[in-house]
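Q: The chain contents come next:
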Amino acid sequence: MKIIAIRKDFGVSDISDEEDVRTIIEKIDVESNADVQLDLSGCLIDYPATSKLMDTIVEQLSQLSGRKELEIITDYVLPMPTVVNWLFLGSKRLDMDLNKGLPYNEIIQILQTALQRSNIVLKITIRDSEGKAGNELTIPDQQS
Amino acid sequence: MKAFKKDLLKYLLKLESSYRIHANQLAAVFIEMAKNSADHTVGDAFFGMDIIHIPEKNSIELHFVLGDLGNGIKQHIQDHLPSDLKGKRGKHWSHYESYYLALKNGYTSTPERDTNKGLGMTIILEGAKGVNMFLSVFDANSRGILSSLKDTTHEQLRRQFITFTKDKVFYYYGSVKSEAL
Numbered sequence: 001m002k003i004i005a006i007r008k009d010f011g012v013s014d015i016s017d018e019e020d021v022r023t024i025i026e027k028i029d030v031e032s033n034a035d036v037q038l039d040l041s042g043c044l045i046d047y048p049a050t051s052k053l054m055d056t057i058v059e060q061l062s063q064l065s066g067r068k069e070l071e072i073i074t075d076y077v078l079p080m081p082t083v084v085n086w087l088f089l090g091s092k093r094l095d096m097d098l099n100k101g102l103p104y105n106e107i108i109q110i111l112q113t114a115l116q117r118s119n120i121v122l123k124i125t126i127r128d129s130e131g132k133a134g135n136e137l138t139i140p141d142q143q144s
Numbered sequence: 001m002k003a004f005k006k007d008l009l010k011y012l013l014k015l016e017s018s019y020r021i022h023a024n025q026l027a028a029v030f031i032e033m034a035k036n037s038a039d040h041t042v043g044d045a046f047f048g049m050d051i052i053h054i055p056e057k058n059s060i061e062l063h064f065v066l067g068d069l070g071n072g073i074k075q076h077i078q079d080h081l082p083s084d085l086k087g088k089r090g091k092h093w094s095h096y097e098s099y100y101l102a103l104k105n106g107y108t109s110t111p112e113r114d115t116n117k118g119l120g121m122t123i124i125l126e127g128a129k130g131v132n133m134f135l136s137v138f139d140a141n142s143r144g145i146l147s148s149l150k151d152t153t154h155e156q157l158r159r160q161f162i163t164f165t166k167d168k169v170f171y172y173y174g175s176v177k178s179e180a181l
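First to last, the protein sequences are chains A and B. To convert, note that position 78 of the first sequence is 78 in this note's numbering; the numbers rise steadily by one, no gaps. To convert, note that position 109 of the second sequence is 109 in this note's numbering; the numbers rise steadily by one, no gaps.
Note that these hints are calculated values from the structure, not bench results. Incorrect hints may have been included.
When the alpha-carbon atoms are kept at most 25 Å apart in a straight line, the in silico SDA-like pairs for lysine to any residue are as follows [as the list claims (entries may be wrong)]:
(1) B:104 to A:124
(2) B:6 to A:22
(3) B:168 to B:179
Please build the complete structure, drawing on both the sequences and the hints.
A: Encoded structure:
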């Protein structure tokens, strides 16, 4: 598994900043790892810059064959629908660039379709202040 | 805005090394407030923060205010209503009706701006709750205690807004308590 911890690996805490994200994008490489963990703990996120980082990783993963898994870890104490919306707003690769105020189930549907196209399973984990996994979401839902 | 964001994040991260504060989430809430302010005013905005040290409790209280000289959220929403709501309530349009729209996920009063996706007020409200922030907004002649909202229904909004002045103002005021590490 390839672990990309933005704050630790790049010394960047602001991935809402286009310039910082551009610098990260130039350096990021999932290589041939089909399993990637992207740790955004401690990072300031916002659209449209954060979704450009997401697009880069999804793009690189989609070049690999077979099933891929991307786990995104964040420490925002927010409801999952807000986190999902905030992380991917503006994403061209995941068809979220025109999204404005869609209901949560429609956002999930859009993400599911786009991820299935690239054979990627997305897991979002919200960690609490002690670093424990609190709230988790997997798209597509592995139980259905 | 960029300099404000960088300085704020830098300062909060420094504070995070000594106190149990959630720097990135706090910064996100303040930045959304500033962006929101920029949306409804072309005039100056201001931000102030006080850190009160409480040695006997080995903790701090962070108090802040972010305000501007614009029309405020209530008036801005009222001035930019979608065509189906325009003129519907005339002068009777109230604070809770504006905030009901502003707090609706995806609602934006400036749909023509590509960077505005209507998530700002949701991040302010839910982000504040997530860090146990006391948060109030002084808007036009009313004060609303946003951190006391149990949900964003009309009923809850009506309960949390009171008329307190004849002057027109706009600012957020709030506080967060935090223990030393």
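Q: All hints, please: hold or fail.
A: Quick rundown of the hints versus the structure:
no.	hint	verdict
1	B:104 to A:124	24 Å, holds
2	B:6 to A:22	17 Å, holds
3	B:168 to B:179	36 Å, violated
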